[in-house]
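Trainee: From first to last, the protein sequence lines stand for chains V and E. Note that the first sequence ends on residue 1719 in this note's numbering; no numbers are left out. Note that the second sequence ends on residue 1479 in this note's numbering; no numbers are left out.
Take these hints with a grain of salt, some might be off.
Here are some chain V residues the structure puts well away from chain E; computed CB gaps all over 10 angstroms [unchecked claim]:
1. I1453
2. A1460
3. V1521
4. L1527
5. G1542
6. I1551
7. S1554
8. V1555
9. A1557
10. I1565
11. V1593
12. V1607
13. L1646
14. I1654
15. P1677
Within a straight-line C-alpha distance of at most 30 angstroms, the following computed DSS-like cross-link-like pairs (lysine-lysine) qualify [unchecked claim]:
16. E/K1282 to V/K1450
17. V/K1602 to V/K1546
18. E/K1383 to E/K1193
19. V/K1616 to V/K1602
20. V/K1479 to E/K1197
21. V/K1450 to E/K1383
Here are the in silico distance ranges between beta carbons for each label pair [to be verified]:
22. E/W1133 to V/L1550: 20 to 26 angstroms
23. V/P1485 to E/S1428: 40 to 46 angstroms
24. E/L1469 to V/S1674: 41 to 47 angstroms
25. E/I1250 to V/V1529: 56 to 62 angstroms
26. V/S1678 to E/K1383: 53 to 59 angstroms
27. V/L1599 to E/K1282: 55 to 61 angstroms
Keep in mind the hints are simulated off the structure, nothing from the lab. Here a beta-carbon is modelled for each residue, glycine too, at the ideal position from N, C-alpha and C.
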Amino acid sequence: MLAWIIPGMGSLARRRGLAGKVVILGAILTAFIIVMTVLSPWITPYNPSKINVGTPLTAPDSQFPLGTDNVGRDMLSRVIAGGGVMLQVALVSVAVCLIVGVPLGLFSSHIGGVVDKFFSLIMDSVYAFPGIILAIAFAMVLGRGVINMALAIAVVYVPSYFRVIRSQVLSIKELPYVEAANSIGAKRGTILRRYILPNVLPSIVVVATVNFADAILTAAGLTFIGLGVPVNVPDWGWDLTNGRSLLPSGKWWVITFPGIMIILLALGFTLMGEGLSELLNPRLEQGAEK
Amino acid sequence: MTLRTYVIARVLLTIPMIFILLTTVFFVMRVLPGDPVQMHFEKMASPEAMARMRIQLGLDKPLWAQYFDYVVGLFRGDLGKSMQDYSPVGQQIFSAFPATLELAICSMLIAGLIGVFLGVESAKAYNKPKDHVIRVFGIVTYAIPVFFLGMMLQMIFGVWLHWLPTGGRIAPGMDPTGLNIPLSASSSAFAAYFLAPCLVGVILASIYLVVAKMKHKKFGRKAFAVSLALFAAGWAISAGLGWYFVSSGGVHVSTGLFTVDSLLEGNIFKFGLSLKYLLLPSLTLGLVLCGIFIRLTRSNVFETVRLDFVTAAKARGLKDSTVTYWYALRNAFLPVLTMMGLEFAMLLGGAVLTETTFSWPGLGRYLVDRINFRDYTAIQGAVVVFGLFVSLVSLIVDLLYAYLDPRIRL
Chain V
1430 MLAWIIPGMG
1440 SLARRRGLAG
1450 KVVILGAILT
1460 AFIIVMTVLS
1470 PWITPYNPSK
1480 INVGTPLTAP
1490 DSQFPLGTDN
1500 VGRDMLSRVI
1510 AGGGVMLQVA
1520 LVSVAVCLIV
1530 GVPLGLFSSH
1540 IGGVVDKFFS
1550 LIMDSVYAFP
1560 GIILAIAFAM
1570 VLGRGVINMA
1580 LAIAVVYVPS
1590 YFRVIRSQVL
1600 SIKELPYVEA
1610 ANSIGAKRGT
1620 ILRRYILPNV
1630 LPSIVVVATV
1640 NFADAILTAA
1650 GLTFIGLGVP
1660 VNVPDWGWDL
1670 TNGRSLLPSG
1680 KWWVITFPGI
1690 MIILLALGFT
1700 LMGEGLSELL
1710 NPRLEQGAEK
Chain E
1070 MTLRTYVIAR
1080 VLLTIPMIFI
1090 LLTTVFFVMR
1100 VLPGDPVQMH
1110 FEKMASPEAM
1120 ARMRIQLGLD
1130 KPLWAQYFDY
1140 VVGLFRGDLG
1150 KSMQDYSPVG
1160 QQIFSAFPAT
1170 LELAICSMLI
1180 AGLIGVFLGV
1190 ESAKAYNKPK
1200 DHVIRVFGIV
1210 TYAIPVFFLG
1220 MMLQMIFGVW
1230 LHWLPTGGRI
1240 APGMDPTGLN
1250 IPLSASSSAF
1260 AAYFLAPCLV
1270 GVILASIYLV
1280 VAKMKHKKFG
1290 RKAFAVSLAL
1300 FAAGWAISAG
1310 LGWYFVSSGG
1320 VHVSTGLFTV
1330 DSLLEGNIFK
1340 FGLSLKYLLL
1350 PSLTLGLVLC
1360 GIFIRLTRSN
1370 VFETVRLDFV
1380 TAAKARGLKD
1390 STVTYWYALR
1400 NAFLPVLTMM
1410 GLEFAMLLGG
1420 AVLTETTFSW
1430 PGLGRYLVDR
1440 INFRDYTAIQ
1450 GAVVVFGLFV
1460 SLVSLIVDLL
1470 YAYLDPRIRL
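So here's chain E without its partners, still in its complex pose:
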């Protein structure tokens, strides 16, 4: 199987997986006893009010029609209307998502760093007391409920030491705005349409020329044509962007990730502040997840250290840390990488509880908040988005793995 066939097969397999998940969630929510509308009102509303709500949400249609509507809506990015306030669920999820993404990335980094470091240390001290201590630590992290660890850290660093905030994403009114450059059409038109695009074009063309020079290509008619074309393309694209930004009143770039946005805004104080708020939740989640990384790194490094090429590296007199980190770990890293795909699902599960503990306004907290309102559409939407996210990440990890390790494609 070539890499291309593998990629196609893997992508095609993801589609039924998402579809099965979607279908299961949809039918479980509908078929199991308990009418959503009745549950929502807790049987307190008049039959007319309930009937009105059913019509408004399309719940009066037959089941297959509802399913069809839902699937068609999904392709348009429409996740239905919230049962609580009738606003589109898709938008609510979209605005809550970056917070979860930020938490997930940061915790994965922490889990990976702690896990790989301790795993290597453990493998180096195989079957010595240090190894046992690290392994016990790994097993204990696995047995800790994530929200309990979160509350303990809140207690220690928030309530007792007052070092870090115990909840929320950033101090009220301090939300970073992202990159904001106001442009008025009259004053900056010259810069936006001519100067900046020219600069971009020149940069593009010179990059090409430098690369060509490095590859020892002759500077002939063809190279001249290519650099001219690059200049024109760069000019056209950035002039188009310039036109777009000027006509919309300026440049606004906001990722929703507070750490990135505060940097884009150029506000170091806000960056520090958002890091401060991010630290405890991601440390909690990272610590709970690092156990699997410890175990995998330990066993893989231990097996790799005994291979000939590592012995050879040692024999050449390389430093001990160089041998373990640059030779053994690099080759032991592939299994750790695959684990990251599966680990990511656990991470998102843990994120739901962590977000609840730290009042982190992400997708998990949205899900938990909506449980209290029995908001079926919102919960279904959140579950489906979580599913899409997990499938996407595992797809990327698998493809990366196939690229790095040709054996998997066989």
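In isolation and in its complexed conformation, chain V is listed as follows:
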């Protein structure tokens, strides 16, 4: 699959043992959770939203392997089905970031001058700011809903895309083949699209993968402080918030399993991003071979 996204990446993954394995491990983890979420209507043992399936707050036993929550819903079913909202939010926010951040970064750095300075200053200001705090403010103003939450998260992360792309374009712009294209009279748009973009693409993939994990964690955080999406489908973030009040009485299973799922999902994307960035920037590994 990777080989389709970036030509040559597949063979690279095979050559560099560990980093390639890390990417594949992350991809398997992520794919597993996505498939599980998509198939959840057919594979959950009970209806995850149905209350009083079992006695409320049953500890994990043979009938309910992960226990039940405070209104008697089966936690295993909720864990299987609870990734939907978070995945949607992350997907939409990454898409928005790509649509806004990538063209902005390309054009700003290619045009240069005052325009570039202006955008860089704005992006740096946002970048330097604690992401979740800004997301909280935006999410509160925008109101609830998957799209609104995704937008609030996207605002925070557009600068990461902008910065990476800008720095890449600035170095690629100086390469002889771009200069050659310039000298034979290629149009600005053509140069951007055919000469620069393909070389920036790998970094975009890395940023987007890492950003997926960030978006998931931010979405979980927003849900935790009560700015979540008010839907009646199971959601790991909501379960964590719900389980918080049960914590003093020692009902550990209500929060533990949804929390682990969030970690696994974020971990999957982080591993992929880590591995990919190491494949693309093998400076350290080369050092080791000396």
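Given the coordinates of chain V, assemble chain E onto it according to the supplied hints.
Mentor: Showing chain E alone in chain V's frame:
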């Protein structure tokens, strides 16, 4: 570029950054759909009541006038009135800030210590199993939601083991008072105006003399004049302070940091107690943040260990730990330091969630509490103060970096 030009440029750049942030937050809060007053009442109040509130908060003015008022108010330290109780937001933020500062400092220390230690260990065992374990640990800490880790630690150390409190900043009624020395004007005037100032003056003058002696300066007329002037200055300043303290009824010093205040109060029991309350929240936040320190330290130490001066140190037969910590780490530390500036923003973001998890009465919890009341002014104020704080820290880190590494100024 000299250091001075760099400092000036960097400070000047901070101003537009803060200004952009301020403007963005202000207009996003105002322009996006959703009238704050309507949202605040959830459309339940009469139109007259809402109009009254608008006038009281200045929301009836045109947008540009509101913006102007806000910016002018900011320069006076006025962040507007809370929409919930009409009290000044600035004061509420000011009283919540020390708790966040205390948490931030402590977590940064924990993150730095754990991160640098594990990073060095990882670099020493490069590509061996130990290295892989540490790297996996670093990646996992990055993927853990901070509030989930917090709840797990609460569960283990608070609910099951009963070792540590699960929330709050200190036991009720135990707030440390800070340094408190009651002074009544009649009894201590002599001490405050004469004895103590004389002592301070003598100390100042003798410090000068000792330093002069160490620099092998001759004790002539000039040195005598300087020490006399120092004595007079010390006397005058401390007599002024003495007058201030006596007239205000005594010495009251309180930082708002409970660990510092309890030490100032001289109450070891309270100090231990506040540490106990501080430990879990800062451990949570520190663990979540240590991943980046691990990674940076690892790659930088690994690159430094292969440089000639480290090999030379090894060849001279220095102990292994001395070489890594005193030679390699010291030179690998600069990139870690720069990261601290950026890391600090993440730290404050994490602090918001950690404070909510542990009911830690800081700025983050204030922000989250006010969301439920749709208190726009308070939220705007908290965001702006967070922004100022981050800009200030990154400014300091950058300047420190420029001072330590002359290349950055080029």
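Trainee: Now tell me if each hint is right for this structure.
Mentor: How the hints compare with the structure:
The claim that V/I1453 lies off the interface holds: its Cβ sits roughly 15 angstroms from the closest Cβ of chain E, which is beyond the 10 angstroms cut-off. Every CB of chain E is more than 10 angstroms from the CB of V/A1460 (nearest about 17 angstroms), matching its label as outside the interface. Against chain E, the non-interface label of V/V1521 holds: every CB pair exceeds 10 angstroms, the least being about 18 angstroms. Annotated as non-interface, V/L1527 keeps its C-beta farther than 10 angstroms from every C-beta of chain E; the closest such distance is 22 angstroms.
No beta-carbon of chain E is positioned within 10 angstroms of the beta-carbon of V/G1542; the least distance is around 17 angstroms. With a closest Cβ-Cβ approach of about 6 angstroms to chain E, V/I1551 is found to fall inside the 10 angstroms limit, against its non-interface label. The claim that V/S1554 is not at the interface with chain E is violated, since a C-beta of that chain comes within 10 angstroms of its own (minimum 4 angstroms). Interface exclusion of V/V1555 from chain E breaks down, the closest Cβ pair being 8 angstroms apart, not more than 10 angstroms.
With a minimum CB-CB distance of about 6 angstroms to chain E, V/A1557 fails to clear the 10 angstroms threshold, and the non-interface call is violated. Once the 10 angstroms rule is applied to beta carbons, V/I1565 is inconsistent with being away from chain E; the minimum gap is 7 angstroms. No Cβ of chain E approaches the Cβ of V/V1593 within 10 angstroms, the least distance being about 14 angstroms, so the stated non-interface status holds. Interface exclusion of V/V1607 from chain E stands, the closest Cβ pair being 26 angstroms apart, more than 10 angstroms.
The non-interface label for V/L1646 is inconsistent with chain E: the shortest C-beta to C-beta separation is roughly 5 angstroms, within 10 angstroms. A Cβ of chain E approaches the Cβ of V/I1654 within 10 angstroms, the least distance being about 5 angstroms, so the stated non-interface status is violated. Taking the minimum C-beta to C-beta distance to chain E, about 6 angstroms, the non-interface status of V/P1677 is violated against the 10 angstroms cut. At roughly 67 angstroms between alpha-carbon atoms, E/K1282 and V/K1450 are farther apart than 30 angstroms, so this suggested pair is violated.
Our distance criterion of 30 angstroms between C-alpha atoms is met by V/K1602 and V/K1546, whose separation comes to about 17 angstroms. The hinted pair formed by E/K1383 and E/K1193 meets the criterion: a straight-line CA distance of about 14 angstroms does not exceed 30 angstroms. Among the hinted pairs, V/K1616 with V/K1602 is consistent with the structure: their alpha-carbon atoms are about 14 angstroms apart, no more than 30 angstroms. Of the supplied pair hints, the one linking V/K1479 and E/K1197 is violated, its CA atoms being roughly 49 angstroms apart against a limit of 30 angstroms.
Our distance criterion of 30 angstroms between C-alpha atoms is broken by V/K1450 and E/K1383, whose separation comes to about 35 angstroms. Against the hinted window of 20 to 26 angstroms, the Cβ-Cβ separation of E/W1133 and V/L1550 comes to about 22 angstroms, which satisfies the hint. Our hint of 40 to 46 angstroms for V/P1485 and E/S1428 is violated, since their Cβ atoms are close to 25 angstroms apart. Distance hint for E/L1469 and V/S1674: a CB-CB separation of about 44 angstroms, consistent with the stated range 41 to 47 angstroms.
In this structure the supplied range 56 to 62 angstroms holds for E/I1250 paired with V/V1529, their Cβ-Cβ distance being about 59 angstroms. Range check, V/S1678 to E/K1383: Cβ separation about 57 angstroms, and the 53 to 59 angstroms hint holds. Evaluation of the 55 to 61 angstroms hint for V/L1599 and E/K1282 yields a pass: the beta carbon distance comes to about 57 angstroms.
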